[in-house]
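**Student:** First to last, the protein sequences are chains A and B.
Residue 150 is where the first sequence starts when you use the working numbering, and the numbers rise one by one after that.
Residue 150 is where the second sequence starts when you use the working numbering, and the numbers rise one by one after that.
Simulated from the structure, these hints should not be mistaken for laboratory data.
Just to be clear, a hint being listed does not mean it is correct.
The list treats identical chains as one, so a pair stands whether inside a single copy or across any two.
[What the hints assert, rightly or not] BS3-like, lysine-lysine: derived pairs with alpha carbons at most 30 Å apart:
hint	residue 1	residue 2
1	K342	K401
2	K218	K159
3	K159	K463
4	K159	K222
Number of protein chains: 2
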Amino acid sequence: MSLIQPRTLKGFRDYLPAVMIPREQLMQTAREVFRSFGFAPIDTPTLEHLEILTGKGSDETDRQIYRFKDNGKRDVGMRFDLTVPLARFAAQHIGTLGTPFKRYHIAPVWRGENPQAGRYREFIQCDFDTIGTESVLADIEAVAVINNLLETIGFDRFTISINNRAVLTGLLDHLGLADRSVPVLRSLDKLTKIGREKTIEEMVSTAEIDSEQAEAVLQLAECSGEADTVFAKLHEITGGNEKAAQGIERLKNIYEGALASGVPSRRLRLDVSIARGLDYYTGVIFETVLDDLPAIGSVCSGGRYDNLAELYTKQHLPGIGASLGLDRLIAAMEQLNLLPTVSTPASVFVAYFDEAYRDDYLRLASNLRAAGIGTEVYPEAKKLGAQLKYADNHGFEMAIIAGGNEWNEGQCQLKLLKTKQAEQITYSHDAPSTLVDRIRQLLK
Amino acid sequence: MSLIQPRTLKGFRDYLPAVMIPREQLMQTAREVFRSFGFAPIDTPTLEHLEILTGKGSDETDRQIYRFKDNGKRDVGMRFDLTVPLARFAAQHIGTLGTPFKRYHIAPVWRGENPQAGRYREFIQCDFDTIGTESVLADIEAVAVINNLLETIGFDRFTISINNRAVLTGLLDHLGLADRSVPVLRSLDKLTKIGREKTIEEMVSTAEIDSEQAEAVLQLAECSGEADTVFAKLHEITGGNEKAAQGIERLKNIYEGALASGVPSRRLRLDVSIARGLDYYTGVIFETVLDDLPAIGSVCSGGRYDNLAELYTKQHLPGIGASLGLDRLIAAMEQLNLLPTVSTPASVFVAYFDEAYRDDYLRLASNLRAAGIGTEVYPEAKKLGAQLKYADNHGFEMAIIAGGNEWNEGQCQLKLLKTKQAEQITYSHDAPSTLVDRIRQLLK
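Bound-form chain A, shown alone:
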């Protein structure tokens, strides 16, 4: 029989334990943070009627959808994000669920794009949204969630940039350029890449505004410093325009509310230049950059949108949400040495080298597990050296070694695998607490 070559599809990948352990941990942390704010989990099918997926998508997204006819000759597609399924879900169930509706969704999505470095055709999205309210409290909460997410994952130095698109819209209104907001924002988005002068040039040529107007936009975008100073400057530049004033007021509320929610001021930045998701976000916008790795881009972005599910229902559903970039975060944690390099989720390894005592090894392991200590018993009574090599390779913290003598004497050896330090500890099945306490102490 000829063998089938074992291989994954181009653009797809296997997750081996050393990579999957921190991914799973990250997802679990995200769940816990979402839950602590009352966001509830949902899930939706991988496959949707194709018309649901292509409803609003751009040509580019449309091309990327994995699509086919199923056995029932239905046109179906694999979801390419979690936002379209959320919109369909909300349209279908909001009557049952009521508003406000707060959900999180952590699930894979698929895009048949040409894979680039670090990008795959299958990847996890990790989204949270509050639907059915325009309250600024939901905006504030989104900032607090982002802060707690990154903090709980283990980051300390990061910056959440906050914008409210209404401020710039108000300025354009004030300048009599209300209809140019899209090209202006598109140019503005390039500010950090192409620099001040080129941004002004591009604005003048593509948005058809004069250089003085472009200068005002740039001044607005460049407002920075102490929050109070920024708010004053924004008011000044927008010349009392009412829309802008309201936008600034909301931004101020978000800023103050975030502080009240425990977000340190050093992590907050007001930045009127950020403009992501032009066709989608309508109010506040967030981006989050790791201070030590700004080059990897935003690791958590989102914003407020006007009407989530307009393709599927007449019910007006405004909302706010953001998305945690799991893959970017993992890459960042790797670069910053924040990732454990183990391929076992258990801490204690029990060597098994005297078959006559098999049930003793099992009982010992069971006692440790009952005390909440993850414990693996090597399955074969091989030579100790081979077993300890396995334990080392997998990254166990410590090994327990006991042969016939030790079992008879009510002893075992506890060995720290990194330092090779070993100690004898009394142990009996009926009184495992000396060993348990010592292991707990060492694991701290």
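Mind docking chain B on chain A? Use the hints.
**Tutor:** Chain B alone, transformed into the frame defined by chain A:
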């Protein structure tokens, strides 16, 4: 613009929070139990080269695969189980991973079968396997994992039936019927459904054995009672056949090892009649039945197989594993009232009804979260009645109510939502411990 009808595909479903919360909890419990034994998580792509999936599948599985040509004209399919991907994965990576390799995998699979009651075209599988060892210790551990899984999920009364196919094979050998094992097992599998006499009849007609031989098979299958008695009877019926004797010895080791691993004897049952997965399992076989709901069938099944990845590699990879039936368990928990009926993962609800104190509500919530208490703030300053109705509907345990007076006096009201009992508690942002302690006490 005409609306697109929001609907899911036939055979697929959305998971709303009330259903998703316990599902997520169950998956998390499973992860924790797997990890406590040193099983490590992996993940594999949803899509595989079609030839990988169709390699060994039966005609029936083949028909059920969601398959299509991707944009690169490759024949691809969505995985229909986690075993085929594991085999491919092991063939591809075992050189890096080494053996023994212990993994768990919790992920959706897809089958385009005609959906029946309670069965869907997309469902989660939850598998664990130990690959690369024939040691009985791995068999024992599988029993311990099943026990700890169900116990940690919250079940007390369940029975893990254990068989070793070698025992029956040995008997057939002894009777000179070594080549009839498949039809004999197939008939035997119907014992509980069609009864003793019909089973014998079927064996005689389909396996072409005589009624005395069938009687011996039935006697073997019906061995029950105290473990020691069963082992003695099995030896007697198999008449000293060596293969059977070895099989019985292994069964005995598994039984004793399971006891040593903390599995109570009342949950263990030796049952030579169970015969699942005829074409796949070759040694020990498990089934797990909830004592209070036997009708729903086995909630965790598995067994030992000879060679996992023979289609993809020449490396011999024996293994043992089992699969937790998440959907069945959820259905069972619902029937046994073991499921919480909430649609929020947070316990505390903070009513928000005085906008002037918005940041105080936020700070209070942030303080509770910092103490590990899940807390949701209602996003709009609506009437209290509407807010409490929302809190009731979602199943929060308690609500905190504070207006201007309370804030000024350093007080808040804590209301238990089920009993409507309310109490005044002192609270200030700088000293939240009185409130925190009281909430913790009430949540216990």
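**Student:** Is the C-alpha distance from K218 to K159 at most 30 Å within one copy, between copies, in both cases, or in neither?
**Tutor:** both (22 Å within a copy, 13 Å between copies)
**Student:** At most 30 Å between alpha carbons: which applies to K342 and K401, within, between, both or neither?
**Tutor:** within (28 Å within a copy, 71 Å between copies)
**Student:** One pair to classify: K159 and K222, alpha carbons no more than 30 Å apart. Within, between, both, or neither?
**Tutor:** both (27 Å within a copy, 12 Å between copies)
**Student:** Should K159 paired with K463 be assigned to within, between, both, or neither, using CA atoms and 30 Å as the limit?
**Tutor:** between (41 Å within a copy, 24 Å between copies)
Figure legend: structure checked against the earlier numbered hints; every hint is met.
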